[in-house]
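These protein sequences, in sequence, are chains A and B. The number in the working numbering is simply the position in the first sequence, starting from 1, with 167 added. The number in the working numbering is simply the position in the second sequence, starting from 1, with 3 added.
Simulated from the structure, these hints should not be mistaken for laboratory data. A quick note: this is a predicted structure, and the numbers were derived from the prediction, not measured. Some clues are possibly wrong.
To be verified - Derived lysine-lysine pairs resembling BS3-like cross-links, with alpha carbons at most 30 Å apart:
1. A/Lys302 with B/Lys81
2. B/Lys153 with A/Lys396
3. A/Lys307 with B/Lys160
4. B/Lys81 with A/Lys396
5. A/Lys302 with A/Lys447
6. A/Lys227 with B/Lys160
Next come the chains, spelled out residue by residue.
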Amino acid sequence: MKIKSVLESQDSFNYDYLKKLEIKYKTPLIQLERGKVPPLNENTSDLFITSQWEIKNILKIFRNRNRGHLCQFESGSFEQEIYSSTLMIHQPDEFLIHPVQTILNHDKNNSAEILFQIQFATMKEKNTLLEETTKALQKKNHTSTVVSQSLLIADELITNAILNGPKLYNIPDQYLENLENNTPKTLDPSLKAEFILAQDENRILILCRDDYGSLDVIRLMNRLYDCNKLGLSASMRMGTGGAGIGSYLIFNTGSSYYVGVKKGLKTVIGSTLHWKWSHKKRSSEFKNIHIFQI
Amino acid sequence: MGQFQIERQQLGQKTLFTLKGPIDEDAILSGDYFKNISEIELDLAQIQSINSCGIREWIKWLSHTQSSQKITFKNCPKLIVDQINMVAGFLPVNGVVESFFVPYFSEDSGEEKMILFRRGFEFDGSNIQAPDNVKGTSGELMEMDVIESKYFNFLKK
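Isolated chain B, as found in the complex:
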């Protein structure tokens, strides 16, 4: 599984944190990362897993942010969307999801694909404009593989 890593990059006013690996009891998430910055962007695409201790550490970590700090989640994998929906506070009040992955599945081939939904394109507020022509490697149409009322629930909050 590798070790949890966090990389920091300054992009103008925004500070981008790229998180990689498993978030568990060994992940070091320091509140000091957020000192003296106004805009926080978290790129979550490379998070491999999150367990119960990781969920707790995450909530503690983000509790160090100030309400004046804008937090953006981008490239949220399904495992992060699941936590946002299930655990109150996983996405803080000052947090916004900019993009997230949605699984698509073909019953025929058993193939799975993750499609990125972006704010302003595949969703806007709580309105979803899902692509209807997602195809598998052999050209078969794939279906969105989530219970929509559950998976997109966080967009209504």
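So that you can see chain A by itself, here it is in the shape it has in the complex:
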């Protein structure tokens, strides 16, 4: 663990502070040097900290990976991101059951508020969900850019849950054909998907959870990498069904991206936005990412 190098290479990190974080959360912090993509292997710790890493470098690190956490100093809520990472590393089931409490402020005096939580099963419900999301955010007097960015994330999460969630059962074509025929796509009634909108004193969380656990995290990471490298036009699927760029839009829009999968049982995907920040600050490339598959 090279925490000492933090002092030597980056002004923004403080050695004592990081040491305290390591002790408090009982997890080694691996500091990445700006712009350098280190070789990683199975023995590498899962929790990386860095400063001013752009999207292309983040996605290079996470390509071909199905676990890892990268927390950036400038991306806001740094310690909260470290806390979320350690919980996801040491108690992944806890994250899958209580994602809001894992991601948003864990301070008991400032606990997160759930603005809207609902189960859904068909594409037909999407418009209502988005309308309710808009109402809930407008009620909190959020700016139009915050509302618009939240809606984009919500739309892609809901669409992905319905179009891609059931793929484990090898019936994607049925769903894609339904999309073509403009008829509602429906999830298996014994399973469910859930949409959650929550916020704390700094951030909004938009999250989807389903009972399929079918998401292949390595495939997702490679898809994000390709979208960034090749561009969205070249990466887009021009046929029917999903366009194949929705996950990249989610990653690119939010300030933090969370993915947790328990194979065959649960998928949780979420994204946060700093609602107090100006849009300019929110547009930063310096994002946090948290992924695991168990």
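Go by the hints and put chain B onto chain A.
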């Protein structure tokens, strides 16, 4: 969110299409709209949202235009400017942006305002002449709320 709608109006040689609502997998964007017209103007002010499927449908839709047809985008909301910057082909080669909205923000009050930038006034080619006296409802000065090198990037193409 309502349903996507498209209205058509003939203005001399120009055909104006006003798009309203969300552009998503259910939006019907027919290439037939562009048959036998020479000048196309798209008023985009009332587009509420666009998702990944909507982006794809948009690109397919505009691929039905001919290179001889002039396409003008006007009143582009921020969500459309973002796509123009991010997705190659979202603004076709024969397309020109006539006006677009730029968000302004006050850190003090948290208020946001959308200011219309018009060709020949607030921008000309890739030159920006942004208004510097945008004020919020209580008179405080507001700042342009975009990363300029990113948001105005499309003007350089």
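Structure-based check of all given hints:
1. A/Lys302 with B/Lys81: It holds: about 20 Å lies between the C-alpha atoms, which stays within 30 Å.
2. B/Lys153 with A/Lys396: With a Cα-Cα distance of about 17 Å, the restraint between B/Lys153 and A/Lys396 holds, given a limit of 30 Å.
3. A/Lys307 with B/Lys160: This hinted pair is violated, its Cα atoms lying about 39 Å apart.
4. B/Lys81 with A/Lys396: holds, 24 Å
5. A/Lys302 with A/Lys447: holds, 24 Å
6. A/Lys227 with B/Lys160: Satisfied, since the Cα-Cα distance of roughly 28 Å is no more than 30 Å.
When the structure is compared with the earlier hints, a violation turns up for hint 3 alone.
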